[in-house]
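Peer 1: Chain by chain, the residues:
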Amino acid sequence: MHIVVCIKQVPDSAQIRVHPVTNTIMRQGVPTIINPYDLFALEEALRLKDRFDATVTVLTMGPPTAADSLRKALTFGADRAVLLTDRYFAGSDTLATSFALSMALKKVAEEFGKPEIIFTGKQTIDGDTAQVGPGIAKRLDYNQLTYIARIVETDLQTGTIKVERRAEGGLQVLETKLPVLITMLEASNEMRRGSIENALIAARAEVVTWNAASVGIEDLTKCGLRGSPTIVKKVFAPTARSEKAAIVAAEGSVNAKAVALVEAIFEKTPAVEQELLEQAAHHYV
Amino acid sequence: MAEDNKPAPASGGSRANTKKELPEHFKAYKHVWVAVEIEHGQVHSVSFELLGEGRKLADKRGVELGAVVMGDARASLEAAAAQCFEYGADCVYIAQDAALKHYRNETSTKVLTDLVNTYKPEILLLGATNLGRDLAGSVATTLQTGLTADCTELAIDDEGSLAATRPTFGGSLLCTIFTLNYRPQMATVRPRVLAMPDRDEGRTGKIVEFDPRLVETDIITKVLDFIADRDTDKANLPYADIVVAGGLGLGSMENFQLVKELAAVLGAEYGGSRPLVQKGWITSDRQIGQTGKTIRPKLYIAAGISGAIQHRVGVEGADVIVAINSDPNAPIFEFAHLGIVADAITLLPALTDAFAARLRVNRLAS
Amino acid sequence: MGEFSKPFDAIVVGAGPSGNAAAYVMAKEGLNVLQIERGEYAGSKNVQGAILYADALEKIIPNFREEAPLERHVIEQRMWMMDEKSHSGMHYRSDDFNEEKPNRYTILRAQFDKWFSSKVKEAGALVLYETTVTELVKDLSGKVIGVRTDRQGAPIMANVVVLAEGVNGLVGQRSGLRNEVSPDSVALAVKEMHFLPRETVEARFNLSGNEGVVIEAMGTITRGMTGTGFLYTNEESISVGIGCIVSDFAESNIGPNELLEAFKNHPSIKPLLAGSECKEYAAHLIPEGGYKAIPQLTGAGWIVVGDAGQFVNAVHREGSNLAMTTGRIAAETVVSLTRKREDMTAANLAEYEKRLGQSFVMKDLKKYKGIPDLLHKNKGNFFGTYPKLISQAMQTWFRVDGIDKISKEKAIFRNFRETRTVWGMMGDAFRLVRAWR
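Protein chains in written order, with my numbering: chain A, 1 to 285; chain B, 1 to 366; chain C, 1 to 437.
I should point out that these hints are in silico values taken from the structure, not numbers from a laboratory.
Ideal Cβ placement from N, Cα and C applies to all residues, glycine included.
Among the hints, a few may not be true.
Going by beta-carbon spacing under 8 Å, a handful of chain C positions derived as facing chain A [claimed, not checked]:
| no. | residue |
| --- | --- |
| 1 | A110 |
| 2 | Q152 |
| 3 | A293 |
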């Protein structure tokens, strides 16, 4: 059994700063991490590896430094790391990204065997789109299972997989055939800690590195900015509201402040007070 | 390199700032569509919110507003269509098929793609729910067109294109994204980001029947069961009237209890900012902000939340925002309506008592 | 374990400046080196702003200026004596510092350490991150032969373990190689990074290109505790911080954050930070005990470098250069023993201490061995009384208010005498000179 996990190296969004004057991003010193949602995908893959003695390949598209994230994925126990990197991919939107990744996945299938399952996280923390996974599934004609909370059963004999998918108001229990692309929901599992042996293997491992040409992309107009139907025309900081908050400047004890704040709130929104009173009355009846 | 949300505008000379003539085969694309989300016979209210916004876009373009409803039962489809008309649709496309009983990516992608290819809308909007995102990604890839996720604002620019604005860079900036040379222009919007439109009772429109021609035995994915959430503690933040939330200013997971206590007195829902989810103080279904839940309560009390932009875009729809923060320069005071400079840890219990006392006193008085 | 059962020539614990220097030199010389770092990446556990002294790094990576992430080279040093509202001080700025190979740089440790770590890997060492060495493995004779980590699996063996684990290095302590560091020989420093546009930093400090400024401040900002405040200019940010001896914090009940807040709001500092966005806050420990606090440095199969060996010159605020130099010298010692196929016995490794004795490291630390004690014992005067007196004197002198200069002089001296006896002041001065010598 062969499983591929697609991961993305992302800037730790908590540490991104915006230039106060020019509204451009100050990238200096922003550390990168594996997209946290992808770790749930990786752990799920590793669990299948434990059960079925599967091989796990991690794949990412990004700059050469994304190799760090791949190597980290290996310390958790993945077997092989593939980096897709090329300046032609710069500025890719989700459609162009899923194109490049699907080409890389075809090459992975040729070189290392066709994956029965491709995992991704439910979305990235920098893009938040949740579109690349479905895009890959569509392009490779894999069955698509998104927002999966639990894999209930995997039957390699019959090539079926049963999962619980997060839907509005409950969990949908779905069954489908392999090959399948699964995007894992957060908190669906907990990432393990790799053994010292895994850590040593990862430190020594060679990351397989491919570019556009080596995955068979001939039409470069399908890549990067040129291959992206969406166009960013404007980046801007939100305008401030014209008035700032009215500050409740109460003196004295914290209790006095609290009372003053309650007064101010109810003055601002009498309807809420009315509703609360009605509810309170209900409780006492 | 691969930025899902295309963060930076292309530098001069690229096509980003140029509008080429729309390719000939796309010129026939007209009308604004909303793909309506129906599960268990119920229309998700995000679809009505989208119809409200779609109405404005269609009027600006001088075109029709269409709604697509998919399902298996005639009665619920017709009921949904009637609601769509009342919320602004001119035309409802009904796709009825036994195979559409439950949402499945495979079937819904095929039907929606076929509908688009047949009737050629220029704009297609979906809710940014699990269902909507699952479907939108597949449809956009099949149609090879642009899709902008989680928009906070939709508009038509001077040249008649859809201008879709969304937060970028982890919510620290906003960007406006266009799909100039491909059709339809697709976008998703989270529930509660757009206002619920007024319902025009009795309003009707035309119905177009569409035969999906699905064959169940050809469909690979089967829905075996649905396990409804039984957990009574499940948050319903988007639709709550009062929301109390806490941030890192609470200092510890134990202190988050103070937020819950105030919420209990007010009969409110409670939640928190993104860092609290990352720290594990609260579960992600209680995260308020761009990457969590968007709320539109009548009253929102934020305690110890500094007010990063990604939080701001999730709460701006609240009627009254009250900020409690010890830092008078915290950005939350820029967009709150009422503020108090105080340590949330000490103020919250006092506030809980003050509310309780006030409600008791006034009840006795009335 | 199979292929990993063969012992490494050396294991280096820690990937700060001393550990990286040691691992780099040994790997470059062809030794089979494993380096183990507990942080997510080298530098991740570090406070951002720091000063890099070129000389020590140049001896390890001669062309480092071409590739290392350096912020600004320092062309101006300000030494400030501060009281509540004022500062007086000495500034030294020279265009000579705009030399081809500048002598001092401000750096951001997270980036610098990451770069250094990449050089270590290029040199051929194996580097493990997010792995904590929990204990040293010893043979029956007590010789260190390997390490155990917090990851599952067998211990990893090596001929020698280089302990570069920082000031409160737990491995060495747990393994009984040295005692816990004493709270009066360690300073706790808190730092913040304040982001400002490049142009603002340059305008505010009168800089162009990659020029930088360092401010070091003493006085009432530490509320009578032994310590200093500092401010460094980086490319698009300012590092600001303050540090005091740990035992003083414990005695005074004043928190380091409180000190930092007050320092940032000092009228002399506040305008320098105005409009900035603070993104990072971090605290770390600096060994400041000096020569007298240096623990045992070598033993059978082990060797200590950097902060773990208390190699910091508190008087001149030098740390990273001592760290790198001790790392390099330890590495050279191990390399020469390995080449000669000699065992890593305590006697053989003692060569490291001999070499250190001949270097500036030990000479400088010896020179100032009395200072930490002196400052600490008279902290009330050095960090309270004197700064106030100096500020009052300056103000009396500069304020033009119709009082003649002779009366002003008298007032200043009277003020000094009343606050601190002449004998007391002379004694402090004498002691300071003696400790310095």
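Peer 1: Now tell me if each hint is right for this structure.
Peer 2: Hints, one by one, checked against the model:
no. : hint : in the structure
1   : A110 : 6 Å, holds
2   : Q152 : 4 Å, holds
3   : A293 : 33 Å, violated
When each numbered hint is compared with the structure, a violation occurs for hint 3 only.
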